[in-house]
Amino acid sequence: MVDISHLLTGEALAAFAQVIMIDLVLAGDNAVVIGLAAAGLPQEQRRRAIIVGIIAATVLRIAFAGVAIELLHIVGLLLAGGILLLWVCWKMWRELRSSGHEGEGMFNGNGNAAAVPRKTFAQAAWQIVMADISMSLDNVLAVAGAARDHPAALVFGLGLSIVLMGLAANFIAGLLVKHRWIAYVGLAIILYVAGDMIWRGALEVWPGLAG
Amino acid sequence: MLALAVLIFLLPPEIVLPLFSVAALAGAAIVALAALVAPRFAALKPVNAWDVAGALTLIGCAAAILGEIEPLLEYLKPMPERSNARG
Numbered sequence: 000m001v002d003i004s005h006l007l008t009g010e011a012l013a014a015f016a017q018v019i020m021i022d023l024v025l026a027g028d029n030a031v032v033i034g035l036a037a038a039g040l041p042q043e044q045r046r047r048a049i050i051v052g053i054i055a056a057t058v059l060r061i062a063f064a065g066v067a068i069e070l071l072h073i074v075g076l077l078l079a080g081g082i083l084l085l086w087v088c089w090k091m092w093r094e095l096r097s098s099g100h101e102g103e104g105m106f107n108g109n110g111n112a113a114a115v116p117r118k119t120f121a122q123a124a125w126q127i128v129m130a131d132i133s134m135s136l137d138n139v140l141a142v143a144g145a146a147r148d149h150p151a152a153l154v155f156g157l158g159l160s161i162v163l164m165g166l167a168a169n170f171i172a173g174l175l176v177k178h179r180w181i182a183y184v185g186l187a188i189i190l191y192v193a194g195d196m197i198w199r200g201a202l203e204v205w206p207g208l209a210g
Numbered sequence: 000m001l002a003l004a005v006l007i008f009l010l011p012p013e014i015v016l017p018l019f020s021v022a023a024l025a026g027a028a029i030v031a032l033a034a035l036v037a038p039r040f041a042a043l044k045p046v047n048a049w050d051v052a053g054a055l056t057l058i059g060c061a062a063a064i065l066g067e068i069e070p071l072l073e074y075l076k077p078m079p080e081r082s083n084a085r086g
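Residue numbers (numbering that gives the first Met the number 0), protein chains in the order written: chain A, 0 to 210; chain B, 0 to 86.
The following block holds chain A by itself, in its conformation from the complex:
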């Protein structure tokens, strides 16, 4: 019999609760970016883009968790991550704007507006990976800190975030295909994440520059 009594202690349960909440945040911003990037693709490529995004986020998270302590010593990493994410936001904004203009005046036989996917799979995958790099940098230290003495919680959290990312990105992409204007809401959320990273990164860098 496998002894699971050590998983039911107050400390272990608290670690599990912490990891679940952190992974909710981690999976949340990744899911919004993946959903946004994948929404501009045709149906068959959308699923592939979501899978690429989840694999990239998982690999990056494991890799960054392995060097979490070293990453702590690099000043300006958060600021760089924020700027990278801001650039991804800019690319997405331009695509949203251009797809809106392309959609104007285009109608199919039923009189409905015909959405023409112009984005390529490579473009979407590149955006997803860039966003994954910056967002994984931001939050991986929190997970490593919360679950330092509970590897089971860490593994559980990783599995949970993969499932959450996959399902959430799929739902969000499906919604954005039908209701394109909601993509601006998603973009605003990612812009907030980028702004928050830049602000905290700037506060971290400032003492070094001023002194």
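Keep in mind that a hint or two might mislead.
[Unchecked claim] Listed next, the in silico DSBU-like pairs over lysine-lysine satisfying Cα-Cα at most 30 Å (straight line): (1) Lys-177/A - Lys-90/A; (2) Lys-177/A - Lys-118/A; (3) Lys-177/A - Lys-44/B; (4) Lys-90/A - Lys-118/A; (5) Lys-44/B - Lys-118/A.
For the record, the hints were derived by calculation from the structure and aren't laboratory data.
Following the hints, position chain B against chain A.
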């Protein structure tokens, strides 16, 4: 709605958004399950069950992102480990 407002006032501020996020994501999961089990929900027009699941997911993700994670982590720690600063 009133019950929700009362709940928001009664809960510690640091866990309102995370709990709202969990509730929205759970709602999305329930609606998605309903769409799978009863396909008529998935065929409704102009807004179907998958749209509702997507909207709830986006709201849940937004609430999770906007919620401050550090105070929540402090709140979830076992009592003796919590910092004295939090009160």
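Hints, verified against the model:
A C-alpha spacing of about 21 Å is found between Lys-177/A and Lys-90/A, which places the hinted pair at or below 30 Å, so the restraint holds. For the hint linking Lys-177/A to Lys-118/A, the alpha-carbon distance of about 16 Å falls within 30 Å, and the restraint holds. Distance check on the hinted pair: Lys-177/A and Lys-44/B sit about 12 Å apart at the alpha-carbon level, within 30 Å; holds. Between the alpha carbons of Lys-90/A and Lys-118/A the distance comes to roughly 11 Å, so the proposed pair stays at or under 30 Å and holds.
Between Lys-44/B and Lys-118/A the alpha-carbon distance is near 28 Å, which keeps this suggested pair within the 30 Å criterion.
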